[in-house]
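Asks: Single-letter residue listing:
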Amino acid sequence: MTDVYLNEKFIGSVDNPENFVKKIREERRRARVPTIVNIYYNSKVNEVYIDYSNGRARRPLIVVEDGKSKLSEFHIAQLENNEMTWDDLVQQGLIEYLDAAEEENSYVALKEEELTPEHTHLEISPVTIFGLITSLVPYSNFGQSSRLNRGSKTQKQALGMYASNYLMRMDTDVSLLHYPQTPLVRSFMHDLSSYDKHPAGQNVTVAIMSYRGYNMSDSIIINKGSIQRGLARSTFFRPYSIEELRYSGGLVDEIGIPDKEVKGYKSEHDYRFLEEDGIVYPEASLREDDVVIGKTSPPRFLGELEEFSIAANVRRESSSAIRHGEQGIVDFITITENEEGNKLVRVRLRDQRIPEVGDKFASRHGQKGIIGAIIPEQDMPFTASGVKPDLIFSPHSLPSRMTISHLIEALAGKVASLSGRYINATSFNAEPQEKLRKELLELGFRENGTEVMYNPITGEEMKARIYIGNMYYLKLKHMVANKLHSRASGRIQLLTRQPIEGRARGGGLRLGEMEKDCLVAHGASLLLKERFDSDKSVIHIDEETGDIAIVDRHGRRRAQKSSSANIGDVEVSYAFKLLLDELTAFGIYPKIKLKSKYH
Amino acid sequence: MSEEYKDQLPLSIWEEAQKELKNNNLTKKQEKEFFDKLIETYKSSRITPGESIGVITAESFGEPGTQMTLNIFHFAGVAELNVTLGLPRLIEIFDARKEASTPSMEIYLDKEYNKDINAAKRIAALIKETKFWELAQEFSINIAKLQVEVTLNKKNMRDLRITDQMLLKTLSESMKDTTVRQNKDDTIVLKPSKENTELKELYKLKEKAKETFIKGISGVTQVLPIKQNNEFVILTAGSNLKEVFKLKEVDKSRSTSNDIFEVLKALGIEAARQAIINEALKVIREQGLDVDIRHILFIADLMTASGTVKGITRSGITSDKESVLARASFETPIRHIIDASLLGEEDELTSVIENVIVNQPVPLGTGLPGLIARIKKPEAK
Numbered sequence: 001m002t003d004v005y006l007n008e009k010f011i012g013s014v015d016n017p018e019n020f021v022k023k024i025r026e027e028r029r030r031a032r033v034p035t036i037v038n039i040y041y042n043s044k045v046n047e048v049y050i051d052y053s054n055g056r057a058r059r060p061l062i063v064v065e066d067g068k069s070k071l072s073e074f075h076i077a078q079l080e081n082n083e084m085t086w087d088d089l090v091q092q093g094l095i096e097y098l099d100a101a102e103e104e105n106s107y108v109a110l111k112e113e114e115l116t117p118e119h120t121h122l123e124i125s126p127v128t129i130f131g132l133i134t135s136l137v138p139y140s141n142f143g144q145s146s147r148l149n150r151g152s153k154t155q156k157q158a159l160g161m162y163a164s165n166y167l168m169r170m171d172t173d174v175s176l177l178h179y180p181q182t183p184l185v186r187s188f189m190h191d192l193s194s195y196d197k198h199p200a201g202q203n204v205t206v207a208i209m210s211y212r213g214y215n216m217s218d219s220i221i222i223n224k225g226s227i228q229r230g231l232a233r234s235t236f237f238r239p240y241s242i243e244e245l246r247y248s249g250g251l252v253d254e255i256g257i258p259d260k261e262v263k264g265y266k267s268e269h270d271y272r273f274l275e276e277d278g279i280v281y282p283e284a285s286l287r288e289d290d291v292v293i294g295k296t297s298p299p300r301f302l303g304e305l306e307e308f309s310i311a312a313n314v315r316r317e318s319s320s321a322i323r324h325g326e327q328g329i330v331d332f333i334t335i336t337e338n339e340e341g342n343k344l345v346r347v348r349l350r351d352q353r354i355p356e357v358g359d360k361f362a363s364r365h366g367q368k369g370i371i372g373a374i375i376p377e378q379d380m381p382f383t384a385s386g387v388k389p390d391l392i393f394s395p396h397s398l399p400s401r402m403t404i405s406h407l408i409e410a411l412a413g414k415v416a417s418l419s420g421r422y423i424n425a426t427s428f429n430a431e432p433q434e435k436l437r438k439e440l441l442e443l444g445f446r447e448n449g450t451e452v453m454y455n456p457i458t459g460e461e462m463k464a465r466i467y468i469g470n471m472y473y474l475k476l477k478h479m480v481a482n483k484l485h486s487r488a489s490g491r492i493q494l495l496t497r498q499p500i501e502g503r504a505r506g507g508g509l510r511l512g513e514m515e516k517d518c519l520v521a522h523g524a525s526l527l528l529k530e531r532f533d534s535d536k537s538v539i540h541i542d543e544e545t546g547d548i549a550i551v552d553r554h555g556r557r558r559a560q561k562s563s564s565a566n567i568g569d570v571e572v573s574y575a576f577k578l579l580l581d582e583l584t585a586f587g588i589y590p591k592i593k594l595k596s597k598y599h
Numbered sequence: 001m002s003e004e005y006k007d008q009l010p011l012s013i014w015e016e017a018q019k020e021l022k023n024n025n026l027t028k029k030q031e032k033e034f035f036d037k038l039i040e041t042y043k044s045s046r047i048t049p050g051e052s053i054g055v056i057t058a059e060s061f062g063e064p065g066t067q068m069t070l071n072i073f074h075f076a077g078v079a080e081l082n083v084t085l086g087l088p089r090l091i092e093i094f095d096a097r098k099e100a101s102t103p104s105m106e107i108y109l110d111k112e113y114n115k116d117i118n119a120a121k122r123i124a125a126l127i128k129e130t131k132f133w134e135l136a137q138e139f140s141i142n143i144a145k146l147q148v149e150v151t152l153n154k155k156n157m158r159d160l161r162i163t164d165q166m167l168l169k170t171l172s173e174s175m176k177d178t179t180v181r182q183n184k185d186d187t188i189v190l191k192p193s194k195e196n197t198e199l200k201e202l203y204k205l206k207e208k209a210k211e212t213f214i215k216g217i218s219g220v221t222q223v224l225p226i227k228q229n230n231e232f233v234i235l236t237a238g239s240n241l242k243e244v245f246k247l248k249e250v251d252k253s254r255s256t257s258n259d260i261f262e263v264l265k266a267l268g269i270e271a272a273r274q275a276i277i278n279e280a281l282k283v284i285r286e287q288g289l290d291v292d293i294r295h296i297l298f299i300a301d302l303m304t305a306s307g308t309v310k311g312i313t314r315s316g317i318t319s320d321k322e323s324v325l326a327r328a329s330f331e332t333p334i335r336h337i338i339d340a341s342l343l344g345e346e347d348e349l350t351s352v353i354e355n356v357i358v359n360q361p362v363p364l365g366t367g368l369p370g371l372i373a374r375i376k377k378p379e380a381k
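Residue numbers (the numbering used here), protein chains in the order written: chain A, 1 to 599; chain G, 1 to 381.
I should point out that these hints are in silico values taken from the structure, not numbers from a laboratory.
Do not rely on the hints blindly, as some may be mistaken.
[As the list claims (entries may be wrong)] Covered stretches of chain A, as calculated for chain G (at least 3 residues, CB under 8 Å):
(1) 510-522
(2) 530-539
[As the list claims (entries may be wrong)] Which chain A residues stay away from chain G? Per the calculated CB distances, all over 10 Å, these:
(3) R28
(4) L79
(5) K266
(6) I335
(7) R350
(8) I492
We treat Cβ as the ideally placed atom computed from N, Cα and C, and that holds for glycine.
Hey, can you work out the whole structure from these sequences and the hints?
Replies: What follows is the structure in structure tokens.
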């Protein structure tokens with residue numbers, strides 16, 4: 001007796017589960033059972049699961065019977081002549097969708113040649129074992145699987161034409177690549193997904209060599225001439241938006257240039273780009289702290305302020321200014337209303353990003369790296385025919401990662417650019433390397449892709465033959481300009497008087513627990529003290545009672561319980577003073593005993 | 001003559017020096033030179049005052065720890081005897097966990113027995129904990145007669161050297177309110193002495209019988225005699241050192257357990273210290289790493305200095321720290337501060353972390369020495 005579950009609910013049991021499952025599958029292939037049904041027999045726990053619920057990931061496979069694919073040449077011819085559709089194939093039981101559970105019961109062949117009588121299904125194409133983005137990796141069947149994973153992950157971070165209507169959009173944190181190109185070495189998925197309409201990279205000439213030590217540990221060298229010709233430039237967009245909010249009591253925000261009386265008024269200089277409506281004009285070039293949209297808000301606690309403050313009823317400044325460390329040109333402005341009917345102003349800034357040392361690049365094979373040096377064109381090594389690489393990639397990135405696909409792409413790219421055709425590099429179904437090599441030889445190059453190169457400084461021939469080819473390189477969205485941060489002094493937290501956190505607010509760089517341990521281990525005791533004294537403060541201690549004393553506004557020292565003037569000054573961290581205060585607050589009475597360090 | 005240097009050198013070095021002196025005939029002058037040089041070398045290789053050995057030890061373990069593989073099981077020898085190794089084992093040792101995850105013993109035998117595989121096998125069978133189910137082929141409940149019938153596995157019984165009589169005796173001793181007898185067809189019958197037993201109770205009896213301890217040393221679930229350097233050694237899974245030491249065939253001077261608390265119970269604190277050292281070294285060696293033995297010695301000393309084994313945890317050695325602030329900064333600060341305030345504790349600010357908190361130079365390295373300068377009076381011209 002085998003229990004049967006329908007959509008994970010028990011509905012009954014059957015005597016012969018294997019026959020039962022087989023029967024249902026047959027009926028499904030005859031379209032007498034809906035094709036969305038999947039059935040799975042788990043022989044270990046002896047249970048049958050039937051499922052037609054929503055949200056299962058299913059994928060199509062060709063049905064195989066007796067080691068023969070049910071999809072024949074005849075069907076393909078019919079498909080080509082538009083006499084048959086995909087739905088017909090499914091309805092006729094030639095192709096069926098399996099979910100994760102039913103896949104456990106099947107034996108799927110990757111290629112038709114591999115079919116044996118035990119097989120139950122056949123992949124439509126070997127590439128279908130990959131997802132959309134993974135199948136964009138050329139020659140991926142020649143690489144290591146974990147690198148393929150990374151390769152498909154980095155492609156999602158590449159800058160490109162992310163949307164054709166980008167001019168009308170207000171996306172946060174997006175970039176647009178200038179002069180994007182379609183890859184020369186491509187898989188069929190590039191055509192299928194109309195990659196030409198949203199490309200995300202450029203074809204560059206890559207030499208695999210080390211040069212002057214600037215491409216160690218996954219860094220890359222880029223030709224300055226290429227950058228000046230526009231390689232890997234991008235535009236970074238950042239929208240700033242402001243809403244005229246309504247408050248209780250009929251008070252409203254007001255978009256406009258703030259008056260000088262307004263609380264928190266910045267400076268006239270900061271508002272210089274605003275027009276009368278309080279919004280910057282298009283094409284204004286703004287820098288850090290410049291106001292993009294001017295706005296004032298009503299005072300916060302109206303009732304209380306009227307009684308006590310002289311400056312009652314003064315509005316607050318609440319403009320939106322350029323973020324810390326950023327800059328840009330006003331690109332696009334929208335003035336509209338939001339769902340609540342409030343006035344909404346959005347300003348989009350653009351900033352051209354020219355590749356600089358620290359920007360991140362990657363090929364499609366999980367080989368990512370950062371620019372280590374930008375070398376003037378005259379200092380780049382050149383081949384016998386005078387070709388200078390756009391990019392120099394380190395050979396040390398290859399042996400341990402075994403990304404053979406990276407090398408094959410360079411070779412295929414070379415053939416593609418020389419012969420003027422695209423190379424099909426679909427996984428499992430690509431143009432064979434031997435053919436490419438032969439073609440390269442016919443084109444007048446060494447068949448293994450290497451070339452004689454010359455030292456640009458001395459003009460000497462290099463002893464090694466350098467592997468050089470063309471590859472599709474991606475500029476990734478991690479650019480140093482968005483990450484660079486340093487600080488000497490700056491804002492502190494109100495409570496602890498320690499530096500605030502975070503790059504956006506100009507915060508400090510934390511010397512953490514483990515870094516502290518390093519200083520301790522070196523015995524650098526005074527350096528440690530100096531590094532941690534950002535919140536140092538002097539407190540006064542009554543030497544008799546051990547209480548904290550104060551200095552009043554006349555400069556007199558006063559202790560809580562004793563009248564003696566025996567009060568010592570001690571330098572401690574403010575955090576410690578705070579700790580003492582907090583202990584006092586929950587009823588612990590800390591005392592400090594002083595002792596001269598010279599006795 | 002060299003007696004005068006005895007106080008200036010550690011005993012072990014001094015003794016070694018004596019040996020060397022015997023082998024080489026030195027003149028008095030040469031001997032003095034030798035000792036002067038020796039003392040100078042010894043003094044210069046000591047750790048400087050103010051060196052932060054604690055942090056350096058921690059870092060010396062921490063860094064290789066990042067490289068350790070997470071494949072924690074390692075098969076020792078042939079059979080399915082496995083031991084936890086790697087980082088989890090190291091944590092287990094230094095935390096001084098009461099229950100080791102894979103306790104095991106290495107039992108050496110006395111000279112008369114350690115050359116003969118059969119003797120080793122016999123002793124191994126003595127040590128192995130045997131439960132009734134291991135000797136049975138099948139347990140079945142006879143509903144009609146309201147009794148449990150057990151078919152015996154004769155081969156297993158022979159291997160473990162258990163006779164029917166022995167089995168019957170132990171069973172009737174340990175199973176109360178049950179009559180145990182043997183049928184002619186070798187099955188053993190367990191019948192509750194109470195009349196009208198319910199089926200449920202019979203089932204309970206069956207389960208209880210399966211787990212009945214027959215012989216051996218409790219806790220030792222597996223034994224494995226292996227040949228190691230020309231003698232037979234018994235490896236075990238499960239540890240009970242105290243009971244093993246009662247067997248006369250066991251070489252008590254060499255047998256050991258990887259359970260530090262077992263060693264502590266059976267042999268005392270010095271042995272426990274050595275066990276910590278051995279076990280930590282074993283992990284580090286097995287991973288192909290290199291940590292200086294002095295770091296391990298230091299940790300072992302720290303853990304055992306109080307006379308019992310204390311782990312490097314908040315309930316272990318950290319609770320021995322003098323400073324309130326140091327304890328509070330490690331774990332559970334509120335509890336420590338409240339306890340300290342109830343007792344009216346004082347903090348002398350003598351160690352590292354307290355001084356970091358109050359932002360004073362830590363008494364280490366450059367922060368340790370005070371400087372006393374004698375200022376010359378300016379000479380009158």
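Asks: Hints first: check each against the structure and report whether it holds.
Replies: A quick look at each hint next to the structure:
1. 510-522: Per the Cβ count (6), the hint holds.
2. 530-539: Holds: 4 residues of the stretch 530-539 of chain A have a Cβ under 8 Å from chain G.
3. R28: Holds, since 44 Å exceeds 10 Å.
4. L79: holds, 51 Å
5. K266: holds, 35 Å
6. I335: holds, 53 Å
7. R350: holds, 44 Å
8. I492: holds, 15 Å
Of the numbered hints stated above, none is contradicted by the structure.
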